[in-house]
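Number of protein chains: 2
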Amino acid sequence: MREVFQQELAEVQERLVEIAALVEISIQNATAAFNDSNISLAEKVIAEDDKIDRASLALDELAINILARQQPVARDLRIVVSALRISASLERMGDLSEHIAQLARYRFPDKVVPKSLRGTFQELGQLDVAIAKKLTELLKTENLVLADEIRNDDDRIDELHVGVFDAVLGETWRGAAVDTVDATLASRYHERFADHAVTIAKNIQYLATGEYVGSAV
Amino acid sequence: MREVFQQELAEVQERLVEIAALVEISIQNATAAFNDSNISLAEKVIAEDDKIDRASLALDELAINILARQQPVARDLRIVVSALRISASLERMGDLSEHIAQLARYRFPDKVVPKSLRGTFQELGQLDVAIAKKLTELLKTENLVLADEIRNDDDRIDELHVGVFDAVLGETWRGAAVDTVDATLASRYHERFADHAVTIAKNIQYLATGEYVGSAV
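Chains A and B, in that order, give the protein sequences. Quick note on numbering that gives the first Met the number 0: the first sequence kicks off at 0 and runs consecutively. Quick note on numbering that gives the first Met the number 0: the second sequence kicks off at 0 and runs consecutively.
The hints are simulated quantities; they were obtained by calculation from the structure and are not laboratory data. Any given hint could turn out to be false.
Because identical chains cannot be distinguished in the list, a pair is counted as satisfied if it fits within a single copy or across any two copies.
Unchecked claim - Derived pair list, reagent style DSBU-like, types lysine-lysine, alpha-carbon separation capped at 35 Å:
hint, residue 1, residue 2
1, 114, 132
2, 139, 201
3, 114, 139
4, 139, 43
Same shape as in the complex, but just chain A (with noise of 0.2 Å):
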């Protein structure tokens, strides 16, 4: 019975990662889309966010079928109600990662943000990759350095976050009222990517020390 369990659990493991890896592909495409203009990349994202659900879903059911014949307690109970977690957090990401392909469609031929704030947006951008890549990373090996670059890399985008605001309520901006919308929804994508990474790196920290560090989710 605890061989099975430990194979069972192993299984949630793997498909956390499957999904994170999807989660990568689709921030990875749907930044590129945003930064140059990309339609087709942008309408492949859209698409592709069905899997991401889908895998998503398929994981909660095997997690409540393993709580129903498996029966797990302590530490072993906390990592599958914890796969549940990670799981809503990723389908999340997937989500808002589809939102900045969205932006990338409405706008396309144009650029969804004017000149001055595209530095700005290229690195929200890399930093979401980054973060999704160390995620999927964290999530194979539970190598908890992953955790902490997660967070210092979350601070960063935070800052960015700020910056655009101050970009757009400053007395330079020209942007018209399109443009000011765009660059608030975008932004504001961009750090709940960030944030749903930062609370999945909680959730495997508090597996890994038993040490709470916040967040409901």
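Fit chain B to the known structure of chain A by using the hints.
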């Protein structure tokens, strides 16, 4: 054992109703603070969000504890897992309500949105409050008519949300960039608040009917 379990499920349900009632107060105060530029009400919402976070965390611990001790299967298991999901959504609704209050605080003593949009945000606020009330009642009574009503209210919110973008991007918009940013964010927060309520309503519908209606959380 079975009787103890039923008591514990009743306790979980009561706690969910309590958290939903806190969210109801929060969104009532947040939307009033937002529409009337009431700074003390805004600060109350911000200060009290911690109550929702702690109640949600405590409920999660109770639910995990029940899973460990009672080892529920089939429908009972799904009730407990759903409680974890509903708890996460309620916690997030509290955050969004807090964000609405924060916008009111930032702009005080000014109003957050210009005159032309005030009617729209009054309606958005009323709908969010109505949804929160229906959600508390739905959690208490499992009367599925309320789930349908929540979806209908959410459809209207989506219309209003699109209307905000139409206004901001329209030719008659004279708002400054700060008005555009605020309207964009405020509309998004109101809309996401309702989305989470719909997700919870779907969870409850699923439990009552066994029929799954999508969404991973």
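### Query
Which of the stated hints cannot be reconciled with the structure, identified by number in ascending sequence?
3
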